[in-house]
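Student: For reference, the chains in residue letters:
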Amino acid sequence: MISFSGVEKRYSATDSALDGISFDIFPGEFVFLVGHSGSGKSTAMKLLIKELEPTAGEIRVAGRDLQKIPRPRVPYYRRNLGVIFQDYKLLPNRTVYENVAYALQVTGGGRREIRDKVPDILRLTGLSTKLHNYPDQLSGGEQQRVAIARAFVNHPPLLIADEPTGNLDPETSIGIMQLLYRINQTGTTVLVATHDVSMVDKMRRRVIELSEGRIVRDEQSAAYAAAESTREFAIRMRSAQG
Amino acid sequence: MISFSGVEKRYSATDSALDGISFDIFPGEFVFLVGHSGSGKSTAMKLLIKELEPTAGEIRVAGRDLQKIPRPRVPYYRRNLGVIFQDYKLLPNRTVYENVAYALQVTGGGRREIRDKVPDILRLTGLSTKLHNYPDQLSGGEQQRVAIARAFVNHPPLLIADEPTGNLDPETSIGIMQLLYRINQTGTTVLVATHDVSMVDKMRRRVIELSEGRIVRDEQSAAYAAAESTREFAIRMRSAQG
Amino acid sequence: MKPVFFLREALRALKRNAIPSFAAMATVLVTVLVLGVFIPVVQATTGAANEVRGKVIADVYLKTDAQQKDVDRVERVLKSEPMIKSVEFISKDAAYKTERERNPKAYELLGSNPLPDTFRITPGNPDDIAKIKDALAPEAAGGGRTVIDPAIDEVRNREEDTNKILAVTGVVKITMALLAGLLGVASMLLIANTIRLSLYARRREVEVMKLVGATDWFIRWPFVLEGVIVGLVGGVLAIALLAVVKIAVVDPLAADFALIAAPDTIDFPLLIGLLLVAAVAVSSLGSGLSLRKFLRV
Amino acid sequence: MKPVFFLREALRALKRNAIPSFAAMATVLVTVLVLGVFIPVVQATTGAANEVRGKVIADVYLKTDAQQKDVDRVERVLKSEPMIKSVEFISKDAAYKTERERNPKAYELLGSNPLPDTFRITPGNPDDIAKIKDALAPEAAGGGRTVIDPAIDEVRNREEDTNKILAVTGVVKITMALLAGLLGVASMLLIANTIRLSLYARRREVEVMKLVGATDWFIRWPFVLEGVIVGLVGGVLAIALLAVVKIAVVDPLAADFALIAAPDTIDFPLLIGLLLVAAVAVSSLGSGLSLRKFLRV
Ligand SMILES: Nc1ncnc2c1ncn2[C@@H]1O[C@H](COP(=O)(O)OP(=O)(O)OP(=O)(O)O)[C@@H](O)[C@H]1O
Ligand SMILES: Nc1ncnc2c1ncn2[C@@H]1O[C@H](COP(=O)(O)OP(=O)(O)OP(=O)(O)O)[C@@H](O)[C@H]1O
Ligand SMILES: [Mg+2]
Ligand SMILES: [Mg+2]
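Chains as they are written, first to last, in my numbering: chain A, 2 to 243; chain B, 2 to 243; chain C, 6 to 302; chain D, 6 to 302.
Keep in mind the hints are simulated off the structure, nothing from the lab.
Idealized CB from N, CA, C, for every residue including glycine.
Misleading hints may appear alongside valid ones.
Here are some, though not all, of the chain C residues that point toward chain A, as calculated from beta-carbon distances under 8 Å [as the list claims (entries may be wrong)]:
(1) Ala18
(2) Leu19
(3) Arg21
(4) Asn22
(5) Ile24
(6) Phe27
(7) Glu210
(8) Val217
(9) Gly218
(10) Ala219
(11) Thr220
(12) Val302
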């Protein structure tokens, strides 16, 4: 699904945010990207959505070389991705409902589709009572959940989440992880950048660790439980909690 | 130092973000404010810095009734607070260095003072190599650390931190907590809103828990270790990790 | 394209961005107002200048002893000259009557009519008047002038007055053309500038839209429609104000204005249409084009 | 207040907010340019109108048999009339010479001089001309006119021409005053509007400054200085452009312009000073005042 080979990204001539990283993520995988602050996680994700261009190396998504997508086709490529941005990137002039609906509208989703899907996903993220609030009338965690809802709403084949639970309490975080898990179960490839070590430990999935722009670890959890049902998953997550 | 009595804040007529909360924080205390997303932590903090006005109740800080501070005096009141905002609130047109320096400049700090203090605090927060980056050239965690540095730089008697480690890796978080601890040791009152349960557990300090705008818990940790030195504190924090 | 959706988006954006929308509208209003006042003034002034230029004439005096056949011949000569637009014959008697009215004291004392037959000629282009004079009465080598027909006594064009009229009206017309041009360009720049600025305040929003998968035109259409609405509202308000001023101030003074207003002064409905179209075009194009820079994400 | 610090802040803001700064500067430039072109035009036009009005005169014809003592008496009467600014005496002979030059054909035939002595009077205020006529030659009950001195034959003021001149120049002057006012107000609005908008794009920044403990004036000074710089740079550029145009286009045509330019046309240095002061004042005040709304945090 995703293949980085020798990808390098320099913001300035002197130091590089990504220093020739290579990895492959297969369709349907669930991968964590970890690493301390400034190690290049967000940079990798920005490259993946073509917000930035790599200075060297090749990135392929679903077999397509990103470099080769012509500018006018980029929006169509992006529609196959659900992205949760680290800084949320909500539209300030739209309500919660409209923000989520916008992700459907850009793909040509009709009113009916919006009426069906948006309230559903907002209920799942616990925002049912905040439908008509504007982003500046939400708490930090609520904004983050709107960003999550927007990324999920059109069931993209690839989901990219940059620090999706940084402003969420542990209980809500587990709910979100459960959602991610369920989405992953339906075949969606999921890539999550996070600092939440306890979450990573409990999920027992593949972990790629970056340090100063290099991959220092890429391993499957020993106890990889792929066959787990969502229910079993939830029970385990909660019980493991301290 | 801080005294809330019957404080209520309603954003709309129907529901209240804070529903008549009362608590006292004594000078030199270190208090955690916890609660799930949307429980009113940030609202309490915004009231404390007079970004918002309560709809009912009284807030006193250092014996002063906030309601009674006349508008032109508000900036002088705010200079006694160090605030880490949940959304950082960095000045986009200033470099890291200038952002931190600004907090000194508003209080009339001279060039000399700035040259002395700013590089120091930026070294402590691990930003020495990013001095001349603008906020949009920083990673999420780096931005958060700039916000932290700005709040610390003029050694305020009261420090308010809203989710200061949401985008930081555990190692950096401990560093920041250590810093908070040290600042607290010098007599500064510290109020931290956070979701980081493991951090709260390890710190063993007073915890106020909010739920839907009400205080549901306010307790001293049984093992409150006030006499601990910074060094001992650091060792304990690190050992408890994992 | 989904016109209704884009229109709703545009209206929402106007509502939620009240300050920049209002600012853009105010700019359109002010510039259209200024243009709406200046265009008629420029037109009237140019018209007046043309009217004055129309009064540039030359008189061809015939010899006092000219016969009817001489008169006819000279008339033919004059009419065959392409630079001359029209030729008016003023007989001795007619001239006498007019002069006598103007200066009764002097003419009372005259027994007979001392005035000659005259052709008053109007040039096609007032600037040609000197050339016409040269054609009818070429300068002689000695310094004086000969005439092209023996029956012509003299060709006179009140040189000083004519030159002054031509120079002044020429300057007035050029000045007016330049002012009109300057004002038009300035208005476009000002409106485009304001719109650019109001988009600048929303560049982050545009960036986010792109990152979420919106195509350029999906983002652009609402902005263009917003520009149309801003131009329309600003333009209509300005025109309403102009109409009020016209009805309340100008029309009562119409008699005075008639003195300077030339017949080809622009008419109000045309002016309205022109201003409205310009306002809408500039503000919508401005929106559409200024956006380009922010769409590069 | 620390002027150097605030100035450095203002310069940094200009550099880091290139787009809105540039837009504000462009607006100042364009409006100052338009004003700089229009003010001289308005001045020249008003001056020309005044000059034309200065030509409103009346002629007091004396009887042909008037003696020197009659002439002196009438002159005293005229000079004692307060509405009359100046009185010019044109003797029979002088009048004859002028008329003869104008119309040699007719006067050749006249043996003697048929023209009377004349006083040409210029009113202090051209609009009073009708009143002066009434004073010198009050309308009689029967419909004709009597005269206030027996030596006066008639008072004439070419009624039709005079009325037309007064009406036209009156309209021109009022129009020019209105245009100047409109343009001035419009310019201020446009500049203030652009500045408001460029502050709007930075309102979050101002909010953050307040939350970090900055006082209103600590935030405002750099913005005011920024306004001063924007006004200064925009103004200077516009004036430089004006100077280029003046030197390259207007001065070579000065001879033509002299024909319409009245002596009281504004001088260039004064115009420059005025425009510059206005640009700086409007843009700095605009910055300072517009900010108020965003300081309420
Ligand atoms: N636009 C930019 N210009 C210059 N340097 C940049 C830019 N964006 C990021 N960087 C630098 O690149 C490095 C990697 O940034 P990145 O955002 O990828 O980190 P991250 O792993 O997401 O960190 P965090 O966990 O703090 O979000 C950082 O050192 C950052 O300062
Ligand atoms: N400006 C506003 N207008 C209306 N409602 C608001 C506004 N700001 C906050 N709220 C609501 O008030 C409640 C409390 O918000 P607050 O920001 O205090 O929560 P919080 O405890 O900080 O949550 P988080 O941990 O997610 O940051 C939330 O339900 C939020 O939606
Ligand atoms: Mg990041
Ligand atoms: Mg909060």
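Student: Which of the stated hints cannot be reconciled with the structure, identified by number in ascending sequence?
Tutor: Hints 2, 5, 6 contradicted; others consistent.
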